[in-house]
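Here is what each chain is made of, one letter per residue.
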Amino acid sequence: MMTFIYQLINGLQVGSIYALVALGYSMVYGIIMLLNFAHGDVIMIGAYTIWISITAMGLHPVLAVLMAVVICTLLGMFIEKVAYTPLRKSPRISLLITAIGVSMLLQNLAQIVFGANAQTIPSIVTAPNITVGSMQVSVTAVITIVVSILSMLGLTFLVQKTKMGKAMRAVSEDTEAAQLMGIHVNHTISFTFAIGSALAGIGAALYCCAYPQATPTMGSMLGLKAFVAAVLGGIGSIPGAMIGGFVIGIAEALVKAAGLSVWADGVVFAILIVVLLFKPTGLLGRTMNEKV
Amino acid sequence: MNFPNHKGKMVPVPSTSIIPERDLGKIPVLEARHLGVDFGGLTAVDEFDITVGRTEIAGLIGPNGAGKTTVFNLLTKVYQPTRGTILLDTRDTAGMNTVQVSQAGIARTFQNIRLFKSLSVLDNVLIGLHNTMKYPLGSALLRLPSYWKQEKQAREKALELLSIFEMQDVADTPAGSLPYGAQRRLEIVRALGTSPKLLLLDEPAAGMNPSETYELMENILKIRDTFQIAIMLIEHDMNLVMGICEGIAVLNYGRIIAKGTAEEVRENPVVVEAYLGKKKEG
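Each protein sequence line maps, in turn, to chains A and B.
As numbered in the numbering used here, residues 136 to 427 make up the first sequence, in order.
As numbered in the numbering used here, residues 1083 to 1364 make up the second sequence, in order.
Hints should not be assumed to be uniformly reliable.
To be verified - Cut-off 25 Å, straight-line C-alpha distance, at most; resulting in silico cross-link-like pairs (DSS-like, lysine-lysine): (1) A:LYS296 <-> B:LYS1239; (2) B:LYS1304 <-> B:LYS1279; (3) B:LYS1199 <-> A:LYS414; (4) B:LYS1091 <-> B:LYS1216; (5) A:LYS296 <-> B:LYS1091.
Simulated from the structure, these hints should not be mistaken for lab results.
Same shape as in the complex, but just chain B (with noise of 0.2 Å):
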């Protein structure tokens, strides 16, 4: 698998991270400083720091339970930070709820699939533009023009946003009847209609074949380029984290043992060791 010329070159940034050379003049799009979280006594995030760039495809690696998808709940607010400050878009976001953030511009998708099952694909995605709807609830009561507009326009986004993963198709299926490859595409599509600037990718090719992981792989290309996003994902697939990913932080009992680009986490030490195990001496 190649995707030549579609990574950018890496530079440094003060805040002791990378982020893509054409991202530079532009504000990062998230940068997290010292995040950590502690359930009860134990300690399952520390000293979390990344900065993702404007338009980086950013990836998260590391070990089962090294606390990737932690993060992604930390960075939606599931779990509250113990400590550490999230700026996205530089607006720090302590005291902000998992609404205000999805609304501020972070959108994710999740491991084990969370779709509304028994509503159709297009409401799901309807679902997603819920805040670009505006019209008061007497409008649509009394079927006033404000609600046949937002609710018409609404309708056309979704189909526009389907069209993507070409799923216009089966938007009156219910969600839960499509294929599992399909569900992890509509994932994604709702979490596009949220319009958000960072979008968080859990897992999004658990259970795919390597066709459909290339596929995938091309369509996250595809999403950063048409929606100029960042896009951050965890994945286990290496062909598809080394292939598409800029920036890629490694993560292991919840602290970043390794950042920089794909090339060099694959030849640091410390990851193979994380990975693999330490080689025995003799």
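The shape of chain A in the complex, shown without the other chains (with noise of 0.2 Å):
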């Protein structure tokens, strides 16, 4: 019992994770139809931003955090206006493998500039556990879990209640017509790209107080994950994200527990499948309604 307890705290830190990356992912693709594969590669340029502000740099461990977002975002918006913003007219196909080719140009940089071999990274928290009863629970398992929790409630706020939030919703919607309401489309384009990488920024410091490492590929398979949990949440929902990276982080640790960590990958995909066989749009998705 114990241990099952343990192992569930485990799955909600790494689900936490992957639900802020899969928020990433579903706010693009709610905006504009694209599947942004280079999110989990920003993430990676998150804990190498940790990694230099700590160890080069010297700085204070929440300070590096905060530089970590801000790069992000920033570089979340950088891809965007370089790389998307030119194929707004495009096929969706184009923008897709413009994603992945951004996706491999991030990994690549970061392996000529920081080299291929892992970079460990100084702890962030450091604080001793916390004892409930007989049970001691890991601060950064709590921090974790707290801190994405504020950020989806926070995400929420922002596009159900303000004016901002609002015009997300309406170029999803109908892009002309929201132009025609006098919104700026493509200021609000930027402004969900900033958003999706400020929280992978976050992610990136969680992840790295998980697993305090570095290497130029680790967004990928991070990446590849947190979409699976936009994706069986249903993409394009933020409850859809949270339940769905919590889902998948909970999965992955029983299975890890049973002894089975082999397995792990495996079983994530395979619930996609299945999930995806009884509910094509997702747990929480959207009908879609096909044009006739």
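Combine the two chains into a complex, taking the hints into account.
Right, dumping it as structure tokens:
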């Protein structure tokens, strides 16, 4: 029983990270129907930012995290402006291929600049474990879960209750009509990338707490799993991304706990396949009405 | 159907057009001169001239495919004109994009309804009010008073606009689940949210029955009188056009073939020919 609860907490911790990253996928997909495969690599850059800030620049870990958020935000907006904006009117497949290209570019750049070996990141959170009854819960796990839930709530508020959020929803439904209402479509899309990438920055920090090392390819598996989480929950839906992240994180932790670590990734994708067989739009996805 | 005393006496202005007499001393809200657009080799609209008075209800009619919606798309810069000038309130809109034109004071509705269907009725109107809210993002995230105040004001304004069509009660319904007629009305409310000087209505009565159309006519007049704005509409329902439009322009093959008051247009043989074809001789 104890092990089960420990694994559940582990799962929630990893799941929160997946959920945060999944939100980035979901938001961008929601607004321009692009699967931004470079999203995972933005997280990788975030992880390296933290590493440099702490080891080379000697910054306080909190400042390092802030730095990562800022760098990720700027990088996300930069990628959007340079790689995606010129293709706004192109077929979606061109955008998709470009996204994969950006992803490879970032991975290889990181390899040239930082080398292919894993860099160890000093621990960001240094606090003793919390004791609940006879259990020891790591502070990192608690912080991770709390931070991601707060980010999620903040994002929901932003999308539902502010004019920028309304502009985002308007653009995602009908770009032209939104323009005619006086909404700057370019600003709104930029803003969406900024928010998604800021979440990636937070995700990077939380990921570094759980697995304290940075490699040039760390973003691809993390990104892929977060993408699975987004699709599982229903891409475009905020609570969907959250639930998808938790489901995958917990499933992974439990499979590992059962001594089947090699199967963990397989199980994640198997869950995706099964869910999509029965509910093609994901758990909380909107049903798409095909125009006839 | 009869709407007496709603139409002003029309008087000519120097730009070869007519505007209601009551608007004579005021700057016309819209003046288009020699407006034209080509798509590849095809000239869709050419030599389009119109002057719309400050509080005029203008009509744009013509057979299907005449280029009426294209004119709306030119005025709102969905298409950039190939030729000609558009003066909105004497301001040249050359080089402006759709967003700037919307901020400068033109709002429109669409022939095929284009609401944000999954958003609530209220949110649709709030999106129309987008540019009236000026708070920075930080104040929203920190929930500062300026955020609350402006969101609250916008909400009140939106509900007030909805009350024109008695739609306050459905404010929280998703726009897509409203009945057809209500969706058309909501589009007008959303457009009014942008506080336009000129409201373009693209076939507002399409798909409405005669009593709904009658109600719509009353509402168009009410909107004009309450907000003191100009309205230009495209419509196939001649009862509506002849009933409330003051200046009417008839478009065929992308060119204006006749301009005048309802009576003048109705009597014009060129217009009759455009709609019904040429009478066979003999």
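> Where does the structure disagree with the numbered hints, that is, which hint numbers, in rising order?
Replying inline: 4, 5
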